[in-house]
Amino acid sequence: YTPEGNPMRQAFLRAPVEFSRISSNFNMNRRHPLFNRNMPHRGIDYAAPTGTPVLSAGDGRIVTASRTAPNGNYLVVQHGSQVTTKYLHLQKFAAGVRQGMRVKQGDVIGYLGATGWATGPHLHYEFLVSGVHHNPRTVKLPQAEPIPRGELTKFKEQSAPLLALLNNHKQEQQLALAQ
Numbered sequence: 003y004t005p006e007g008n009p010m011r012q013a014f015l016r017a018p019v020e021f022s023r024i025s026s027n028f029n030m031n032r033r034h035p036l037f038n039r040n041m042p043h044r045g046i047d048y049a050a051p052t053g054t055p056v057l058s059a060g061d062g063r064i065v066t067a068s069r070t071a072p073n074g075n076y077l078v079v080q081h082g083s084q085v086t087t088k089y090l091h092l093q094k095f096a097a098g099v100r101q102g103m104r105v106k107q108g109d110v111i112g113y114l115g116a117t118g119w120a121t122g123p124h125l126h127y128e129f130l131v132s133g134v135h136h137n138p139r140t141v142k143l144p145q146a147e148p149i150p151r152g153e154l155t156k157f158k159e160q161s162a163p164l165l166a167l168l169n170n171h172k173q174e175q176q177l178a179l180a181q
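Heads up: take any position in the sequence shown, counting from 1, add 2, and you land on my numbering.
Among the clues, some could well be false.
Unchecked claim - With a straight-line Cα cutoff of 20 Å, these simulated EDC-like cross-link-like pairs (lysine to aspartate or glutamate) come out:
1) Lys106 with Glu128
2) Lys156 with Glu6
3) Lys94 with Glu128
4) Lys88 with Asp109
5) Lys158 with Glu6
6) Lys94 with Asp109
7) Lys88 with Asp61
8) Lys88 with Glu153
9) Lys142 with Glu128
10) Lys106 with Glu20
11) Lys88 with Glu20
12) Lys142 with Asp61
13) Lys106 with Glu147
14) Lys94 with Glu20
15) Lys158 with Glu147
16) Lys106 with Asp61
Said to hold, decoys possible - Ranges of calculated distance between the beta carbons of each label pair, as one might list FRET restraints:
17) Gly108 with Ile24: 17 to 27 Å
18) Pro9 with Val134: 39 to 49 Å
19) Val110 with Leu179: 35 to 45 Å
20) Ala97 with Ala166: 34 to 44 Å
21) Ala166 with Pro51: 43 to 53 Å
Because the hints were derived from the structure by calculation, they are not lab data.
Glycine included, every Cβ here is placed at the ideal spot set by N, Cα and C.
Go ahead and model the full structure; you've got the sequences and the hints to work with.
Have a look at this one:
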């Protein structure tokens, strides 16, 4: 947070996994690799080695932790009332991950795999706003919430001495460089 209590990060990660390449983009007219017909591809496929950690894109609650034939092992995370993210083809869920649990942005929730109808190891990642799919690479991401007004005074009281230490260290460093 800034000294004024404003967030210094977005509310969501743009990509919830370290990836080597995008193997399939968001495309409402993609030719499906298994069925050889045009079918909407409502997410981004991030290719990476099997077992690569998959992170929660934002703070929320896991509403689905399941397995189906097409999706393989998959998770659905609800972030507040409007945003939902989906993570498909996971090798496995992270230890302790279960439906109903709360997660924070950056928590490891699973591991990239090739389960379900995947043609190779990748994370299929979807981003929905009010139930409508959006391209995760281009959707306008909201800022994280600022510190609540009721907590702002306490935050400033606790952060002021730390800021003073940082500023003092910065001045000492500038003096040392000037000599």
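Verification of the hints:
Among the hinted pairs, Lys106 with Glu128 is consistent with the structure: their alpha-carbon atoms are about 18 Å apart, no more than 20 Å. In summary, the hint linking Lys156 to Glu6 is supported, as the alpha carbons are separated by about 12 Å, within the 20 Å threshold. Simply put, Lys94 and Glu128 have alpha-carbon atoms about 18 Å apart, close enough for the 20 Å limit, and the pair holds. Restraint check for Lys88 and Asp109: satisfied, since their Cα atoms lie roughly 15 Å apart, inside the 20 Å limit.
Our distance criterion of 20 Å between C-alpha atoms is met by Lys158 and Glu6, whose separation comes to about 8 Å. A C-alpha spacing of about 15 Å is found between Lys94 and Asp109, which places the hinted pair at or below 20 Å, so the restraint holds. About 13 Å separates the Cα atoms of Lys88 and Asp61, which keeps this hinted pair within 20 Å; it holds. Using a Cα cut-off of 20 Å, the hinted pair Lys88 and Glu153 is violated, with the two alpha carbons roughly 32 Å apart.
This hinted pair checks out: Lys142 and Glu128 have alpha carbons roughly 14 Å apart, not beyond 20 Å. A distance of roughly 17 Å separates the Cα atoms of Lys106 and Glu20; the hinted pair therefore holds under the 20 Å criterion. Proximity of Lys88 to Glu20 is assessed by CA-CA distance (about 16 Å); at most 20 Å being required, the pair is judged to hold. Between the alpha carbons of Lys142 and Asp61 the distance comes to roughly 17 Å, so the proposed pair stays at or under 20 Å and holds.
Distance check on the hinted pair: Lys106 and Glu147 sit about 13 Å apart at the alpha-carbon level, within 20 Å; holds. About 17 Å separates the Cα atoms of Lys94 and Glu20, which keeps this hinted pair within 20 Å; it holds. Restraint check for Lys158 and Glu147: the C-alpha separation of about 16 Å stays at or below 20 Å, so the hint holds. With a C-alpha separation of about 4 Å, the suggested pairing of Lys106 with Asp61 holds against the 20 Å cut-off.
Distance hint check: the CB atoms of Gly108 and Ile24 are about 21 Å apart, consistent with the given range 17 to 27 Å. A C-beta distance of roughly 25 Å is found between Pro9 and Val134, which places it outside the suggested range of 39 to 49 Å. Evaluation of the 35 to 45 Å hint for Val110 and Leu179 yields a pass: the beta carbon distance comes to about 40 Å. Between Ala97 and Ala166 the beta carbon distance is about 41 Å. The supplied range of 34 to 44 Å therefore holds.
A hinted range of 43 to 53 Å for the beta carbons of Ala166 and Pro51 is consistent with their spacing of about 45 Å.
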